[in-house]
Each structure stands twice: as C-alpha cells, then as structure tokens.
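Whole structure, please, built from the sequences with the hints as guidance.
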Amino acid sequence: MINVLVFICALPFSVWLLANICCVIDEPERAPAALRLVASLCVLVGFLLLTSVALWQPVAWALAFVAVAHLLAYFVIFRPSLGAAIYRQQPPTTPLLLDEAPEGHPY
Amino acid sequence: MNWIVPLSELSLADIDRVGAKAAHLGAMMRAGFNVPQGFVINVDAFISHFGEVTDPLVKPAPPRLQAELMNNVMQALLTYLPDAGELAVRSSATDEDGQHASFAGQHSTYYFVTPNRIDQAILDCWMSLWSRAALAYRREGWVEISSGEPPRMAVIIQRMLPATRSGVVFSADPVIPDSTDCVIEATWGLGAALVDGRVTPDHVRINEDQGLYSYHVSDKRMQVSVSAENQSATRLQEIAREQRNAPVLSTFEAHQIGNTAAQLETLFDAPQDVEWAYVDDELFWLQSRPITRLAQEHTFTEPLVLFKPLAENFTEPLTPLTEDLMARVLPKIGAFYGGRLYLNLNKLQKINVFDLSENELVEAALLRGLPDRLRVSWQKVFKILPLLGLAFLFDGVNWLRTQRASYAALARYAAFAEKVQNNAKLSLQQAARQLIWGRWPFEPIGYRIFYTNVSAGRYFLYIGLLKAFTKRYAPAFPQEQLSATFHGRGDMQSMELLKQTDYLSGLLYRSLEADAELADRVAQIINGKASELPSDSEFALAFETFLQNFGHRGSKELELAAPSWRETPTELLKLLYNNPPRETRVDQIHGNHLAARDTLNQHLKPWQRRITSFLTRRICHYMALRENTRHFHIMGFDALRQKVLQLEHQLLREAKLPVAGDIFFLTEAEITDLQQETLSATEAHTLIRKRRRDWQRQARLAAPLTLNIDRPVEISNGDLSGQCASPGEIQGVARVVTSLSEAHTLCQGEILIAPYTDPAWTPLFPRAAGVIVATGSFLSHAGIIARELQVPCLVDVADCTRLIQTGQKLHLNATAGTITLL
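Chains V and G supply the protein sequences, listed in that same order. In this text, residue positions in the first sequence follow this note's numbering: the first is 1, and each later residue adds one. In this text, residue positions in the second sequence follow this note's numbering: the first is 1, and each later residue adds one.
Simulated from the structure, these hints should not be mistaken for laboratory data. Check each hint, because a few of them may be wrong.
[What the hints assert, rightly or not] Selected chain G positions facing chain V (Cβ under 10 Å, derived; list incomplete):
{"no.": "1", "residue": "E302"}
{"no.": "2", "residue": "Q403"}
{"no.": "3", "residue": "A411"}
{"no.": "4", "residue": "R412"}
{"no.": "5", "residue": "G438"}
{"no.": "6", "residue": "P444"}
{"no.": "7", "residue": "I445"}
{"no.": "8", "residue": "A561"}
{"no.": "9", "residue": "E654"}
{"no.": "10", "residue": "A655"}
{"no.": "11", "residue": "D710"}
What you are looking at is a predicted structure, and each value in this text was computed from that prediction instead of being measured. Ideal placement from N, C-alpha and C gives every residue a C-beta, glycine not left out.
Rendered as structure tokens:
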C-alpha cells in the first residue's frame with residue numbers, strides 16, 4: 001500500500017524532474033552535459049527497478065511511467081488524432097463567363 | 001440556301017435561330033453598343049450537316065462541310081469582314097446563355113483563326129457540342145434542367161480584336177449575396193488568361209452611392225498576347241516587370257465600363273455578366289448574359305467557428321496544397337471550409353470547463369473575451385479533472401519545458417528545418433508533420449516549435465488573472481493602463497524586425513544621398529528594370545545580413561504559395577524605401593511602461609506586488625515566446641515551401657506543369673499521381689484551372705465567422721466598433737491600406753485602416769497614430785506590436801476598409817472600442 005502511495009506522490013515529482021532535465025537538453029551549450037546526466041539517470045532507474053531497494057523502487061517506476069506515458073501520448077494518442085476535416089461548397093449549377101472551360105483556344 | 005445572318009440584324013427574338021450568345025450580341029449592336037463586326041452561321045446549317053440530334057450522349061462522326069456553306073461563308077467574309085485578318089470563331093448554342101443556362105461554357109471558341117482555316121474551326125465549334133465537358137454535363141443529368149429542345153449550334157464569326165486590355169464586368173456582384181456593387185475584373189492582353197485563372201486580375205468595385213470606391217491592383221504575371229511575335233501554342237507570356245503591378249484601367253475607363261454594364265442591365269432587364277476588351281482606347285463588348293449567383297451552400301452539419309489566429313494573418317483563403325498539408329497535420333478540432341481554418345464547436349465544448357452558453361463559447365472562440373462573471377461548471381470540472389491529471393502525466397514535461405525555453409533553445413529550429421528540407425526521403429506530409437510537431441517528445445523543445453507556440457498562448461489566462469487580481473485589490477488603478485504594465489521588454493523578434501528595418505531604411509536614405517549610383521540602381525529595382533544592388537555598397541551588405549536573419553519572412557506567412565522576402569527582395573526594398581527615417585520613441589515607451597508599473601505598485605501591498613510581479617513576468621515571457629516561436633515556425637513553412645518548389649521545378653522540366661505556381665492548386669496525392677503519370681497533364685490542368693477560379697472567388701468573400709450555428713447574423717449597420725487591442729485615444733486622418741503594395745501611401749501621424757496585419761506590416765506601425773484592423777484579436781500580431789509601441793489599436797472592426805475612406809477625419813477611442821467619423 002505504501003508503495004502505491006509513494007508511486008502516486010512521485011508522479012508529479014517525476015514530471016517536474018524530467019522537465020528540468022529536458023530543459024537542460026534544450027539549451028544548446030548545455031546539451032552534451034545533460035545527455036550524460038540522462039544516461040546516468042537511466043542507468044540508475046534501471047538499477048533500482050532491477051534490484052529490490054524497496055524505498056526507491058516506486059519512485060523509479062513513477063519516472064519510467066511518466067517517460068513511457070509521454071512516448072505513448074505522442075505516438076499512440078497525439079499523432080493518430082491529427083487530421084482536420086476539409087469541407088467543400090456545393091458547386092454552382094451554372095458557370096459564370098469566367099468559368100467557360102475551353103473558351104479562347106488560340107487556333 | 002443562305003445560312004448567314006449579319007450580327008447587326010439580330011435581336012433576342014432570334015435565339016432559336018442563332019443561339020443566345022449571338023442574339024444578345026445582335027441586340028447589343030442594334031442598341032448602339034460597340035460590338036466587333038461579324039456574322040452568324042445559323043442553326044439550319046448545323047441541322048443540314050448533323051440532322052436533328054436525337055441522342056445528345058452519342059457523339060457523331062464529323063461530317064464533310066458542304067460546298068454551299070463554304071461559298072456562303074466566303075461571300076460573307078467579303079461582305080461583312082472585308083479587311084479582317086485573323087478571326088474569332090465562337091460557338092452559340094441554343095441552350096446556353098439563356099434562362100436554362102446549364103450548358104453555358106461547355107462549348108468552344110477559337111481565336112486567331114486565319115480565313116484559310118475557317119472551315120476546320122467551324123467544324124471544331126460544332127463538334128464541341130459533344131465535348132468531354134458537355135457530355136459529362138449531360139451524363140450528370142443537367143439535361144433535365146435545360147430547355148428540353150434538341151441541342152443545336154450556330155457559329156459566330158467576328159473580327160479578331162487585337163485587345164490590349166480585357167476583362168469582365170458584373171453589373172451586380174455574383175459572389176456576395178444581395179450586393180448591388182458593380183464589379184470589374186481587368187487584365188492585360190486577351191481575357192483568356194483570366195478565364196484560365198492564371199492571372200489574378202485587378203479588382204474594381206463601383207457603388208451607386210459611393211462611385212468608384214475600391215481599385216485593387218494585382219500582380220499580373222502572365223497575359224495572353226495578341227502580338228505576332230508570340231505564336232506559341234497558348235500565346236501565354238510573362239508580363240514585363242514594370243507593367244505587372246500597374247493598374248489596367250484609369251478611373252474614367254472603370255466608370256465607362258461600369259456605366260455601360262448598368263445600361264446593359266437595363267437593356268436585358270436583369271443583372272449582366274459581360275465580357276469587354278479595349279483596343280488601345282476603344283472599348284468593345286464581346287458577350288453579355290444574365291448573372292448566375294454562385295451557390296454558397298454546403299451539406300455538412302458540424303458547427304464551426306472561424307479560427308482567428310490564422311484568419312487575422314491574411315484574409316485570403318489558403319491554396320489547396322497548403323490546405324491539404326495543414327489539414328493532415330492539424331488536430332481534428334480544426335476543420336477547413338473555403339480555404340479558411342475553423343474550430344469544431346462540438347469538440348471545443350468537450351474541453352470547456354466553464355459554464356458558458358453556446359453564444360458565449362462562440363464569442364470566446366472568436367477571442368472576443370469571456371463574460372464578466374465567469375462561472376466555472378464544477379460538474380464539468382469534476383468530469384474533466386481526471387483528464388487534466390492524465391494530460392499532465394502524459395504531456396506535463398513538455399508543458400513545463402516551455403516555461404524556461406530561452407531564445408537560444410528556440411534558435412536550434414533553424415538547423416532542424418534545414419535538415420528536414422534537405423531530407424529527400426520525406427514526403428511533403430511527413431516533412432510538414434516533423435516541421436510542425438517535431439519527431440519525438442524528448443527531443444529539444446526548439447524542434448517542437450509549433451507546440452511551444454500554441455502553449456505560449458496561455459499568457460491570455462495570466463492576463464485574465466492579473467485583471468481579476470487588480471480589479472479586486474487595486475480598484476482605483478485604471479484598467480486601461482494595465483496592458484502598459486506587462487509590455488516593453490523589447491526582446492521579441494517582431495520588435496527586432498522593427499529595429500532592423502528602421503536601421504536599414506535609415507542607412508538606405510543616408511546612402512541614397514551620398515551615392516548616386518546606388519540611388520539610380522534602387523530606383524531601377526523599384527521600377528522593375530533591375531534586380532540586384534551594387535554588391536560593394538554598405539547598404540547591400542546590411543541588406544544581405546538582414547535577409548539572412550529575416551529572409552524567410554514576408555507577407556502572407558503560413559501560406560506555402562507566398563514567396564518570402566529572400567525570394568522577392570524587391571518587395572522588401574520597396575518597404576524600406578517607403579519607410580523614411582523617423583524619431584525613435586523606444587526610450588519614451590519604455591519609460592511609460594515603468595511608470596505604469598510604479599503606479600500599479602503604489603496601489604498594492606507588498607505581498608500583492610509579489611503576485612502581480614510574478615504574473616507580469618509570466619505574461620512577458622509567454623508573449624515573447626509566442627512571437628519568437630512564430631518567427632521560427634514560419635521558417636518551417638519556408639522550408640516546406642522550398643521542398644514544394646523543388647518538386648515543381650522537376651514537374652516543369654518534365655512539362656507536366658506548364659506554369660510556375662500551378663503546383664499550389666493540386667493536393668499532395670495529385671502531385672504524386674502527376675509524377676507517376678496516373679494523372680495526365682491535361683487532367684491536372686483542368687483541375688488547376690477550376691481551383692484557381694474558385695480560389696479567386698473565395699478570396700473576394702469575407703470568411704463567415706460561424707457556420708451551422710444559430711446565432712444572430714452580424715450585419716454591419718455602419719456603426720464602427722471593435723475590440724480594444726491597445727488602449728488609447730487619438731484623432732486623425734484615415735489612410736486605408738488594403739495591401740502592402742500601398743504601404744508607401746501611409747504618412748506619419750495618419751490612422752492606419754487595414755484588412756489584416758502580419759509581421760511584414762510591422763514597419764507601418766510606428767508611422768501610424770492609430771491602427772484599425774478589420775480582423776484580429778487581443779492576441780493578434782497587430783495587438784502585440786501596437787501595445788509594445790503604445791499605439792491605440794482597435795481590431796475586429798468589420799468592414800472597416802469599406803466604411804472608412806482615406807482622408808476622412810475620425811476619432812478613435814480604442815479604450816472604449818469606438819470610432820467616430822468627424
């Protein structure tokens with residue numbers, strides 16, 4: 001039960017933490033350092049998930065959940081939801097002079 | 001038998017004998033209108049060659065022309081057209097141009113016919129009774145609404161006019177319902193280019209009460225020439241640069257055409273659609289028939305509201321290719337109609353958490369503001385709260401990232417856009433999706449520029465909070481001063497653009513005084529006689545640097561068919577040339593902002609100041625973010641345009657497209673079909689032609705604000721009012737500027753009246769004492785720049801470019817949202 005509570009409480013924290021890490025990636029001059037940080041974090045999360053450090057495991061699950069949720073949101077929810085409708089007018093029953101199809105063939 | 005009748009002997013009573021077109025021409029000639037001389041081969045000749053047509057769906061074999069007919073024709077040529085060189089051979093079917101006009105326009109007319117080939121032209125005219133278009137019409141059942149008589153065709157033979165200018169005139173506007181304005185469309189050369197839709201003609205409106213009140217000069221790139229040197233198959237040729245943007249008609253000529261169209265309306269007792277042509281200064285009338293009002297009907301039932309942030313950038317509809325690509329990368333809450341982007345109200349309702357009536361929601365969607373007493377619907381909140389929570393978990397990272405996105409982070413987009421542009425493996429749709437939404441969620445936020453732009457719109461909510469907070473805790477502080485507290489940061493790209501154009505125009509004016517060669521060259525470029533600046537001048541270097549930074553911008557941004565400043569530097573040069581140096585007010589403006597903040601602070605306690613300070617910081621950040629991301633996402637559209645131009649170049653080289661610019665009137669699927677030859681060049685040409693005409697017509701219509709929504713129709717009753725985008729009060733003289741080509745007419749201290757504004761209009765703002773825009777909202781570009789410069793600005797003033805005229809004195813009270821004509 002405590003694990004579930006920690007997991008739920010860790011969710012917003014995970015969003016905030018990931019956002020801060022990404023903010024570092026966003027800045028061009030700090031991106032290489034940030035990438036190393038991300039790699040280390042992934043190793044740490046992986047380690048925590050694979051071992052039984054009970055206190056930290058829900059936090060690691062929360063981080064993993066948020067990361068996967070963002071991937072899912074982009075590829076499974078957001079991208080398929082694209083596609084605005086295009087509605088057309090009814091064509092007029094008769095054309096204007098300007099619409100005369102083959103009018104004015106040079107001979 | 002004599003099958004020949006001279007035009008001068010015909011009247012409307014002869015329709016059954018010579019067809020409606022010839023009968024109308026005869027009636028015009030008898031009434032004294034200047035119609036080119038000619039004669040008609042009546043329908044008896046047709047019957048003699050084809051017999052009565054019993055099954056109009058079966059195309060007969062072409063008959064041999066009878067010697068008697070040719071004798072008649074040769075005799076008529078000697079009698080009625082003795083000096084004619086080339087001839088026009090025109091169809092005149094009995095079921096066109098009249099009340100049952102279902103076949104109008106389906107038959108052929110031939111120009112530049114020499115007398116030795118007249119027999120073939122007559123036969124071709126007759127055979128066009130079974131043209132593909134006419135057969136398709138019959139198969140679709142249109143025959144049921146025609147007169148029911150078997151089709152017959154007469155042939156008109158007239159002198160070929162060496163028209164230097166031509167066009168059509170509508171004695172009443174066929175596009176705008178209930179309008180009685182006379183509308184003239186005019187172009188250089190023969191009218192065939194107009195019919196083709198390749199030329200956007202000059203558009204003139206004449207009103208009984210106001211006389212000629214609008215003359216919109218278009219950029220006319222092509223003409224169908226009558227010159228003997230141009231004997232190509234289409235006779236289509238480019239127009240000399242200096243003539244492209246010149247008006248085709250003088251005011252006198254426009255009135256002459258308008259008055260004659262009114263006389264024709266009286267003669268035929270119905271509004272008329274008339275073709276005219278000038279040979280030098282002599283006006284001729286080529287055809288007249290009753291106007292058919294264009295249907296504005298649709299079959300869909302979804303309630304739609306105009307999406308203002310796009311509509312306020314330019315009033316014209318999107319071209320079919322832009323519409324096609326945007327539709328596939330925008331969310332389903334959007335919908336396109338008539339080339340304009342709308343929001344689906346049903347889908348909007350699902351994410352609305354406030355207790356709003358449908359009308360209030362429409363007003364909010366039109367960015368006209370929320371009701372004073374905003375009620376949160378707790379029922380909806382409880383329903384939507386779990387969804388908001390999930391949205392935070394599924395997208396909160398990106399949302400939070402935009403809070404800290406710096407300019408350097410956004411600037412990474414330039415390299416990303418170039419990479420996508422050069423990736424030949426990406427289709428247009430894939431490139432559009434990557435340029436707008438990025439490739440995956442954790443890549444740098446600078447690559448997801450459109451997302452950042454949309455999310456930056458949240459500053460509107462912070463403004464709402466600031467307003468509510470100051471109303472509650474600083475009631476004595478004048479609310480109209482509030483916007484001055486959160487402006488003046490000056491780190492927006494739009495302001496940078498303004499500073500740079502000011503610097504460049506200053507440098508240009510100094511250089512023109514000092515360097516006669518440069519002055520001469522600039523004059524030549526502006527008049528279309530040269531294209532490049534002397535490369536060694538200081539101004540040319542600065543101009544080049546400017547293009548590197550802002551070359552992707554220009555007018556009609558977000559429209560793929562619109563060229564950027566990099567592609568048309570002459571337009572930018574004209575803008576600079578017409579923007580004389582002026583006193584800068586930046587320091588004074590910054591001082592005003594600080595003073596407004598101090599005044600507000602005096603009304604607040606320390607803890608309240610901290611809150612307002614937090615809110616104003618957020619507003620400033622997101623406003624700058626919105627303008628700066630826009631600077632970059634337009635770069636994405638430019639990259640996409642370059643990809644389209646590469647495709648177009650290939651299709652032009654393979655002769656699958658005849659003219660540059662046609663590609664924007666096809667969809668991506670059609671372009672692929674054309675490349676793979678599953679769509680023929682002829683079929684593509686037919687599609688393009690029709691879409692060009694549809695697009696031109698849509699461009700003349702104001703976009704309906706709502707569709708399928710039961711709300712009071714907004715009728716302009718002459719009251720001029722709008723939405724305040726930048727507060728202030730000013731009295732001055734109006735200057736109506738309908739397009740950037742007229743930008744130079746705006747003088748310092750005048751009130752600018754515009755149909756819309758986009759960043760290319762920015763240099764006009766400091767010159768204006770006030771700004772009035774027909775479309776737009778508080779969030780629009782006009783509002784942001786006007787607030788930064790503290791110029792009173794009123795937006796969403798329907799029909800202002802028509803109701804206000806240049807030179808009129810007016811009092812603009814932007815704070816109250818009113819305009820008074822003095």
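Structure-based check of each hint:
About 7 Å separates the beta-carbon of G:E302 from the nearest beta-carbon of chain V, less than 10 Å, and the hint is met. Interface restraint check for G:Q403: the shortest CB-CB distance to chain V comes to about 8 Å, inside 10 Å, so the restraint holds. Among the interface hints, the one on G:A411 holds; its C-beta lies about 8 Å from the nearest C-beta in chain V, closer than the 10 Å criterion. Among the interface hints, the one on G:R412 holds; its C-beta lies about 6 Å from the nearest C-beta in chain V, closer than the 10 Å criterion.
For G:G438, the interface hint holds, since its Cβ comes within 10 Å of a Cβ in chain V; the closest pair sits about 9 Å apart. Hint on G:P444 holds. Least Cβ distance to chain V is approximately 5 Å, under the 10 Å limit. With a cut of 10 Å, the hint placing G:I445 at the interface with chain V holds, because the nearest CB-to-CB distance is about 5 Å. With a cut of 10 Å, the hint placing G:A561 at the interface with chain V is violated, because the nearest CB-to-CB distance is about 17 Å.
With its C-beta approaching chain V no nearer than about 23 Å, G:E654 sits outside the 10 Å limit, and its interface hint is violated. At a threshold of 10 Å, the smallest CB-CB gap from G:A655 to chain V is about 18 Å, leaving the interface hint violated. The beta carbon of G:D710 comes no nearer than 18 Å to any beta carbon in chain V, farther than 10 Å, and the hint placing it at the interface is violated.
Hint check: violations occur at hints 8, 9, 10, 11; the rest are consistent with the structure.
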